Each structure stands twice: as structure tokens, then as C-alpha cells.
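Peer 1: Here the structure of chain A is known, so what remains is to put chain B in place on it, guided by the hints.
Chains A and B, in that order, are what the protein sequence lines are.
Numbering of the first sequence is given in our numbering, commencing with residue 2 and proceeding in unit increments.
Numbering of the second sequence is given in our numbering, commencing with residue 1154 and proceeding in unit increments.
Treat the hints as calculated values from the structure; they're not laboratory data.
A portion of the hints provided could be inaccurate.
Computed list of lysine-lysine pairs in BS3-like fashion (alpha-carbon distance at most 27 Å, straight line) [stated by the list, open to error]: (1) A:44 to B:1199; (2) A:77 to B:1199; (3) B:1199 to A:59; (4) A:59 to A:44; (5) B:1199 to B:1259; (6) B:1259 to A:53; (7) A:59 to A:77; (8) A:77 to A:53; (9) B:1259 to A:77.
Keep in mind that this is a model prediction, so the values were computed, not measured.
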Amino acid sequence: EVQVVESGGGLVRPGESLRLSCVASGFNFPAYWMSWVRQAPGKGLEWVANIKQDGSVKYYLDSMRGRFTISRDNAKNSVHLQMNSLRAADSALYFCARVHAGNLCPDYWGQGTLVTVSS
Amino acid sequence: QSVLTQPPSASGTPGQRVTISCSGSRSNLGRNSVSWYQQLPGTAPKVLVYSDNQRPSGVPDRFSGSKSGTSASLAISGLQSEDEADYYCATWDDSLNGVVFGGGTKLTVL
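Chain A extracted, bound-state conformation:
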């Protein structure tokens, strides 16, 4: 069974940093792209970033490039999202997801980890 479990969310002040982690199981992790998607309270889904199987290619939503960094550790079946200079607008539930090879969109999703940015 495919499982994706996120961690690392919490309450931080504007300008601070946070590192989200995701551990996957139930599939051949090194063979898949991985993704982060977020959802602000009461809002729709917003893609954040994708990372290729070997970590050599990373794509970001324009507004996050430079502040957010996606990385992965295939030896630990994990993917991370380093978030710097956080703003109130970054408050959201952050989902980690496996990516379907066909269109680089998520297929299997974790339950999410909540990030709240507030003074």
C-alpha cells in the first residue's frame, strides 16, 4: 500500500523558517518524482514544487522560487521542503504527494502538515 506521511509543520513568526519532511513507503521511491502542494484554509489546491527521481531537476511555483527549496534523500525514502522568509500568506496545509509519470501531477497524497505563520 502506498503511504506518504508528512511532518514538521507548526506555528512560526513572519520571516522565520521551517523544514517540512515526508516519508514514503509502499512503492519504489527512487523511481518517482515527488511533489508538494498546499491548501490555505477554505481555499483550493496550489502546487508548490516537484523534484525529479534523482533530485537533478526541480520545478517551483514562481512566487516560491528563491524562498522554498525542495530536496530528497532516496536512501531514506524522504523528501523535504525548506521554507524561508515565511509570510502569513504561506499559512496552509502542506501535502506531500507521489507524482504520476504521465503528466507530472500528484497521484497518491499524504494527509498533510499544517503550517501557520503568525505574529
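Peer 2: Just chain B now, with coordinates in the frame of chain A:
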């Protein structure tokens, strides 16, 4: 405003067939396949359809997807009360180099 356009709401009665549309452009739906997701209240999204019309194992065949040009649709037949949820379409955009989602459609079963 989302790159992919979905109606904000849809509704139907039990047993009915409803369709949810998703409109894009040449750089996204015109070149890449669509995925559809169901998000029940308080839960993570679940993929219903990928590669335009393929269902993962375990997804009932009441859910079907199609795509033509720059538009896609999700059809739900034999509507059930448990289908009440938010539905999202998504694809890759070659111009933006990123995943784009529709704004979501809230389905109400009357």
C-alpha cells in the same frame, strides 16, 4: 484566478449523472493529460482519474474522465450521497513549467 477553469459548484440528485468541466489552454490541457481528484471534507485529495480517462484500482467505474482539445470533463453516474465533495482537475503547463489546478468544484447531492 486559476489557470484551469472549473465551475464553482454543481449539484444532482441520487442516481443522476453529473459532469464537471475543466477548461484550459494549448500550453496545458492542449499538450498534457488531465488528472481529477476528489477531496472529501477534512481529508486529503484522492486521485479519481489520471491520463485523461484512466482510473486507479479501487475507484468505482461510476467516475469517468474525458478530454478533447483544451477541455476536460469528469462524469459521475449513479450519484450517491457520499460523492458530496470538492473536485479538482490538474495538469502540467509547458509554459509555466509547473502543475496547474482548477479552482475546484463543490458537488452537492440534493
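Peer 1: Could you run down the list of hints and mark each one as holding or not?
Peer 2: Right, here's what the structure says about each hint:
no., hint, result
1, A:44 to B:1199, "holds, 17 Å"
2, A:77 to B:1199, "holds, 25 Å"
3, B:1199 to A:59, "holds, 24 Å"
4, A:59 to A:44, "holds, 25 Å"
5, B:1199 to B:1259, "holds, 15 Å"
6, B:1259 to A:53, "violated, 32 Å"
7, A:59 to A:77, "holds, 19 Å"
8, A:77 to A:53, "holds, 16 Å"
9, B:1259 to A:77, "violated, 38 Å"
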